[in-house]
Amino acid sequence: MKKVSGANQIDNHRILLFVSMFLLSLVFLVKSSYHLLSEEFRSYLPIIGNVVFVLFLIVLVVLIFWRIKYVPKGKQYQLLSMGSFVNEKFDQACRTSWVLTFLLLLFVTNIKDGNDNLFPVRFYIDLTLFCMLAVFSVSFFYYFRLWEKESNI
Amino acid sequence: MNPLLENRIRVLRAEHRLSQSDLAELIGVSRKTISTIEVGKFIPSTVIALRIARHFKVPVEDIFMLTD
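Residue numbers (the working numbering), protein chains in the order written: chain L, 1 to 153; chain V, 1 to 68.
Chain V with its partners taken away, still in its complex shape (with noise of 0.2 Å):
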């Protein structure tokens, strides 16, 4: 996990019962970038990430929290 950055991306997943590759599919990303995101590999642009909070209806501050 990035030690900047946490997500709830796997949460969310879970919750819609979607793969990453069906989210990748739907946010219009590649499985590689989703899988390396939930991780925290890998920080979004902001476009990824208000378009994955856009799919799953909620503010951006519910999926991506600083951990400071």
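With the rest of the complex left out, here is chain L (with noise of 0.2 Å):
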């Protein structure tokens, strides 16, 4: 098997990260989805929440294994990660996070002022963890265009 370098394993560990980060948003999306759905399909929620959660853990554990197991540690982790393509994604899908979240609040106020009982707090808030998670992982990997082929000549 061929070895792969400590700068690929942390750019591997950066995409499982993302995963992580989107199952978790599926949680979310999840829990929110409860106040908008009928009697009849909300039954089905505690199930699916509870198979993505399973889904996110299992990557979890998975992340921290490749972590320990593959990720160099220390000042050559920095001296690796430190300007990488990776890492300038990373920063952008936060910022674009950032942003979109900061929108979604600024609606979600603007409809609270109006309805005020329109949908408990808890709603809010799993809508806007779903939201700012969501748009970190997919925007990364729009980023990052994973499927992108590379040539390597």
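Hints listed in this document are in silico derivations from the structure and should not be mistaken for laboratory results. Predicted model only: the values in this text are computed from it and were never measured. A virtual CB, placed ideally from N, CA and C, is assigned to each residue, including glycine. Heads up, a few of these hints could be off.
[To be verified] The following label-pair restraints were derived from C-beta to C-beta distances:
(1) F141/L with H16/V: 30 to 40 Å
(2) R8/V with L55/L: 40 to 50 Å
(3) F41/L with V11/V: 54 to 64 Å
(4) L50/V with W98/L: 30 to 40 Å
(5) V11/V with H35/L: 53 to 63 Å
Now that you have both chains on their own, put them together as the hints suggest.
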């Protein structure tokens, strides 16, 4: 098996991190959709929520294992991850997520002003967490363009 | 290619018969970082630019140049 360099392992670790963030965002999506669905569909939500949460925990365990086993530690980690492409996309995804979450909160605040009893506060918190994590992970994959084939000539 | 910055990494790699993976390994970055620098999608940090220059034993401005 071909040995993967420390820098590539750091990239792989970041990708796993974003997969876990995406799965966590789905947990919050399931929680917030409880208030939007009819009684008939609500009964399925705990099952879907538990399945997604278990998937999140599995990825989290793999993430921790990957960090301990493959990612270089200490100074070498700083050196290898500093100024890399994946780091820049990580920052870009953070900015996109911050802006869109801020806009969502502004929008939600305006809705709340008009209809104070529309949904419980918990719904808005779950919706915000879903938006923040989903935008964070999806925008990272978009910026990182994982699917693009690279030449290696 | 980035409209502000050009680079000669591909040429230097070819002269030294190195693949993107080889160069990435030698200077301690991932292959994705090298491939995106080469095509101008990513402007490298000063540290990475200096490491590339040090590896090819040329000044940084022989590898990276402003287009204007």
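Okay, the hints, checked on the actual structure:
One distance hint, 30 to 40 Å for the beta-carbon pair F141/L and H16/V, holds here, with the actual separation near 33 Å. Taken as a hint, the range 40 to 50 Å holds for the pair R8/V and L55/L, whose Cβ atoms sit roughly 45 Å apart. One distance hint, 54 to 64 Å for the beta-carbon pair F41/L and V11/V, holds here, with the actual separation near 60 Å. Checked against the given bound of 30 to 40 Å, the beta carbons of L50/V and W98/L, roughly 31 Å apart, stay inside it.
With their beta carbons about 59 Å apart, V11/V and H35/L fall inside the hinted range of 53 to 63 Å.
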